[in-house]
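Protein sequence lines correspond, in order, to chains P and S. If you use this note's numbering, the first sequence corresponds to residues 1 to 332, in order. If you use this note's numbering, the second sequence corresponds to residues 1 to 439, in order.
Take these hints with a grain of salt, some might be off.
Here are some, though not all, of the chain P residues that point toward chain S, as calculated from beta-carbon distances under 8 Å [what the hints assert, rightly or not]:
{"hint": "1", "residue": "S38"}
{"hint": "2", "residue": "S41"}
{"hint": "3", "residue": "Q143"}
{"hint": "4", "residue": "G144"}
{"hint": "5", "residue": "E145"}
{"hint": "6", "residue": "T146"}
{"hint": "7", "residue": "S149"}
{"hint": "8", "residue": "L153"}
{"hint": "9", "residue": "P158"}
{"hint": "10", "residue": "R161"}
{"hint": "11", "residue": "N235"}
{"hint": "12", "residue": "I236"}
{"hint": "13", "residue": "S237"}
{"hint": "14", "residue": "T242"}
{"hint": "15", "residue": "G285"}
Below, computed lysine-lysine pairings styled on DSBU-like, alpha-carbon distance capped at 30 Å [unchecked claim]:
{"hint": "16", "chain 1": "S", "residue 1": "K195", "chain 2": "S", "residue 2": "K246"}
{"hint": "17", "chain 1": "S", "residue 1": "K377", "chain 2": "S", "residue 2": "K285"}
{"hint": "18", "chain 1": "S", "residue 1": "K279", "chain 2": "S", "residue 2": "K433"}
{"hint": "19", "chain 1": "S", "residue 1": "K160", "chain 2": "P", "residue 2": "K241"}
{"hint": "20", "chain 1": "S", "residue 1": "K86", "chain 2": "S", "residue 2": "K377"}
{"hint": "21", "chain 1": "S", "residue 1": "K48", "chain 2": "S", "residue 2": "K364"}
{"hint": "22", "chain 1": "S", "residue 1": "K182", "chain 2": "S", "residue 2": "K195"}
{"hint": "23", "chain 1": "S", "residue 1": "K168", "chain 2": "P", "residue 2": "K241"}
{"hint": "24", "chain 1": "S", "residue 1": "K285", "chain 2": "P", "residue 2": "K241"}
For the record, the hints were derived by calculation from the structure and aren't laboratory data. Model, not experiment: these values are computed from the prediction. We put the CB at the ideal spot given by N, CA and C, even for glycine.
Read off the chains here:
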Amino acid sequence: MNPSYRIERWTTASRISVWVFALLFLAACFLSQSGNDSLLSRGVVLFVYVLLAATWNALAGFAGLMSVGQQAFFGLGAYFAIRLSDSGVPVFAAMGLSAIIVAALSWPMSIVMLRLKDGEFAIGMWVLASLCHLLVNLDPLIQGETGISLIALNAYDPETRRVILFTFALVSTTAVLGFLFFLLQSRFGTALQAIRDNDEAAGSLGVNVLKAKRLIFVFAAFGGAIAGALWLGANISFQPKTYFGVQWSAYMIFMVLVGGIGTFEGAILGAIVFFIIETFFAAFGVWYLIGLGTAAIVFSLVFPQGIWGTVVRKWNLHLLPIGRRLSISNEK
Amino acid sequence: MNSTEKYRNTVSNIRLPRRQFLQGAATVGAFTAFGMRAANAQSSETLKIGFISPRSGPLAGFGEGDAYVLAQARKALADGLSIGGKTYAVEILDRDTQSDPSRAAQLANSLINDDNVDMILASSTPETINPVADACEAAGVPCISTVMPWEAWYFGRGAKPNEPSPFKYSYHFGFGVGEFVKAYTAQWNLIETNKKVGVLYPNDADGNAVRAVMVPQLEAAGFTVVDPGAYENFTTDYSSQIAIFKEEGCEIFNSFALPPDFITFWRQATQQGFTRTVKIAQVAKMGLFPSDIEAMGSLGPKLASAAYWHRAMPYTSPLTGVSADQFAADYETTEGRQWIQQLGASMSLIEVGIAALEASGNPKDRDGVAAAIAGLKTDTIGGVVDFSSGPVPNVAHGPIFGTQWVEASGGDYPLDYVVTENTTDPNVPVQAKLIPYDG
Numbered sequence: 001m002n003p004s005y006r007i008e009r010w011t012t013a014s015r016i017s018v019w020v021f022a023l024l025f026l027a028a029c030f031l032s033q034s035g036n037d038s039l040l041s042r043g044v045v046l047f048v049y050v051l052l053a054a055t056w057n058a059l060a061g062f063a064g065l066m067s068v069g070q071q072a073f074f075g076l077g078a079y080f081a082i083r084l085s086d087s088g089v090p091v092f093a094a095m096g097l098s099a100i101i102v103a104a105l106s107w108p109m110s111i112v113m114l115r116l117k118d119g120e121f122a123i124g125m126w127v128l129a130s131l132c133h134l135l136v137n138l139d140p141l142i143q144g145e146t147g148i149s150l151i152a153l154n155a156y157d158p159e160t161r162r163v164i165l166f167t168f169a170l171v172s173t174t175a176v177l178g179f180l181f182f183l184l185q186s187r188f189g190t191a192l193q194a195i196r197d198n199d200e201a202a203g204s205l206g207v208n209v210l211k212a213k214r215l216i217f218v219f220a221a222f223g224g225a226i227a228g229a230l231w232l233g234a235n236i237s238f239q240p241k242t243y244f245g246v247q248w249s250a251y252m253i254f255m256v257l258v259g260g261i262g263t264f265e266g267a268i269l270g271a272i273v274f275f276i277i278e279t280f281f282a283a284f285g286v287w288y289l290i291g292l293g294t295a296a297i298v299f300s301l302v303f304p305q306g307i308w309g310t311v312v313r314k315w316n317l318h319l320l321p322i323g324r325r326l327s328i329s330n331e332k
Numbered sequence: 001m002n003s004t005e006k007y008r009n010t011v012s013n014i015r016l017p018r019r020q021f022l023q024g025a026a027t028v029g030a031f032t033a034f035g036m037r038a039a040n041a042q043s044s045e046t047l048k049i050g051f052i053s054p055r056s057g058p059l060a061g062f063g064e065g066d067a068y069v070l071a072q073a074r075k076a077l078a079d080g081l082s083i084g085g086k087t088y089a090v091e092i093l094d095r096d097t098q099s100d101p102s103r104a105a106q107l108a109n110s111l112i113n114d115d116n117v118d119m120i121l122a123s124s125t126p127e128t129i130n131p132v133a134d135a136c137e138a139a140g141v142p143c144i145s146t147v148m149p150w151e152a153w154y155f156g157r158g159a160k161p162n163e164p165s166p167f168k169y170s171y172h173f174g175f176g177v178g179e180f181v182k183a184y185t186a187q188w189n190l191i192e193t194n195k196k197v198g199v200l201y202p203n204d205a206d207g208n209a210v211r212a213v214m215v216p217q218l219e220a221a222g223f224t225v226v227d228p229g230a231y232e233n234f235t236t237d238y239s240s241q242i243a244i245f246k247e248e249g250c251e252i253f254n255s256f257a258l259p260p261d262f263i264t265f266w267r268q269a270t271q272q273g274f275t276r277t278v279k280i281a282q283v284a285k286m287g288l289f290p291s292d293i294e295a296m297g298s299l300g301p302k303l304a305s306a307a308y309w310h311r312a313m314p315y316t317s318p319l320t321g322v323s324a325d326q327f328a329a330d331y332e333t334t335e336g337r338q339w340i341q342q343l344g345a346s347m348s349l350i351e352v353g354i355a356a357l358e359a360s361g362n363p364k365d366r367d368g369v370a371a372a373i374a375g376l377k378t379d380t381i382g383g384v385v386d387f388s389s390g391p392v393p394n395v396a397h398g399p400i401f402g403t404q405w406v407e408a409s410g411g412d413y414p415l416d417y418v419v420t421e422n423t424t425d426p427n428v429p430v431q432a433k434l435i436p437y438d439g
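Please model the entire structure based on the sequences and the hints provided.
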């Protein structure tokens, strides 16, 4: 008996799905040119959800950092976009630049926040978000809770604006997901998964835990900020309360829990599920929120792995070549 | 855009593919041949009007009567609207923001993109109106709104003083800080006081606007304003403010606090003995609806308020032909609830919208409708709305007059809402003398 083994990364499913993703991207590009208004503006909303879910999942699912304060970056992303635009930066450049500024700001924040552990980190992030909210309120441009509007966008006619915004959302979401994908494929991804499983053990094996967590923290801040800037582009009005509200973190947790925490595909799936639920049930008001809460509880009790986690466990299906699989075949 | 300019644009852009040209030619031919028939076929066109207001959530008080108002308006518009020789069916699509600004923006976008509305009407508070007005402005859809201070609508959305208006499609009518100053000055001179006014103004646009604009004007009118400084919304301890008001011996009190904050403040002020010496307790944002005051128990009656609409107004709806008083009375019988001032505001909003569509000559032309609103002067159940003489472009003035909540002498409801002052609209009869709060 001579067991032979193979380590594989690419499976048939993942080969097919990468092609499907590429085709979807091309379809979305095509859509941006010819799609109708409603599709384009709803598309931006979906991209925002995907960004939020993917970055929260990167934090919680891969780096083991549960945050309920990601709305800090979401709000700051919108705030800096409006600030820069008011000081004369072209509006779409301001949106991109704003995410870079927020990512840069999140670096010093991470020095403080990453000293906190688990529950302390979660609550600490919430405090950080409230602090950012109050500081933004102090800016005379924002006029306290009343806020301000990104009227620079009105310089574009509605058609052009929609197409640019959709393309912007498509490209930035693809870039953020792509970056995360390559990050997870690299040595760094292996280190992250070790940290997720047990950060002390990972540290003892020579993984630089703090550095890895910091990179993910900054990455998640960038993703949150891009999402905030996009949301602002789609909604135009900036009222601090709506951007710095804790409900954003609740949505992120919902999407990731339902989709499947710790899986790349799960977060995207969760975002799509949330988007669909919102589209059809948001009009039910309070009952919609009660339904969301119930779904989150049911999922965390019955399917703690989420939809995708369950799929992976049952069928060993991996749509993206992340991680390596050991296949052993017995040859006589 | 005038017609020559439009013509020039068309000419310079002629690059019609052959098929499209032929189709166009065919259409023109058809029109000439069957002109009559084409006109008839178009007479079944529908005008779609979006109506966005908060019907649930913390701002639900504003939307309480909207179902009734919409039913009346739909009944009046059931036979359609005749504009420029054509009759249009009118469909009003009402949407509830659930008091959430994000949802307000999404509703506006979906009305614009999916339902293809010709106009959107939005009512009550910056949280509802600003996101909707922004969405309309961005999409080039005419939008009319009412019931929030116009300063927070105009400057709050990024317009700058002494610069041309950045808005082309969004319009607003109603009260502003100027009306508040007139109403307050008149109201506070109704009772002998030491003219010392303790003010509770938060750090938000309304609070900062009244602090910057209204306070100097009140001081010019002879009042001493005692301002302990801006505080953040949802503060829970007001001891320091109360101590200052007591020390200064303020006999007039004015609040622009959010309703829950005012209630917290007023309870603490009562416990700490400040309210015993207050002769006029003038509240804004709070006390618009009877339910607000009833919720305050014994502290509620005799609070002074200001109204943007009242059943005592001597006006008749041009849409339904019903007078303000009949309108309120019919609401009470139909719905079994006490009338609220928002009824008239919602109705006048629909009336202004319809008047704008009529004035445009072609309600399907969005630019034309927007231009028509700019010069619109029309009667409503709340008086005349005149966009040609507003304080800034895109805005028309509206009245606000002093009122007071008093315990009702008989009748079906525990409280009465009486007009005590009418400076900003002298047509409105003064119904009662202002009663001191402590007396």
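Evaluation of the provided hints:
1. S38: holds, 4 Å
2. S41: holds, 5 Å
3. Q143: Holds, because the Cβ-Cβ distance from P/Q143 to chain S comes to roughly 4 Å (cut-off 8 Å).
4. G144: holds, 4 Å
5. E145: holds, 4 Å
6. T146: OK, holds: P/T146 within 8 Å of chain S, min 3 Å.
7. S149: Holds. Min distance 4 Å.
8. L153: Cβ of P/L153 sits 6 Å from chain S, so the hint holds.
9. P158: Since chain S brings a Cβ to about 5 Å from P/P158, closer than 8 Å, the hint holds.
10. R161: Holds, about 7 Å.
11. N235: holds, 4 Å
12. I236: holds, 4 Å
13. S237: This interface hint holds because 4 Å falls under the 8 Å limit.
14. T242: OK, holds: P/T242 within 8 Å of chain S, min 5 Å.
15. G285: Holds: closest Cβ of chain S sits about 5 Å from P/G285, inside 8 Å.
16. S/K195 - S/K246: holds, 14 Å
17. S/K377 - S/K285: holds, 28 Å
18. S/K279 - S/K433: holds, 13 Å
19. S/K160 - P/K241: holds, 23 Å
20. S/K86 - S/K377: OK: S/K86 and S/K377 at ~22 Å, within 30 Å.
21. S/K48 - S/K364: holds, 10 Å
22. S/K182 - S/K195: holds, 15 Å
23. S/K168 - P/K241: holds, 27 Å
24. S/K285 - P/K241: It holds: about 18 Å lies between the C-alpha atoms, which stays within 30 Å.
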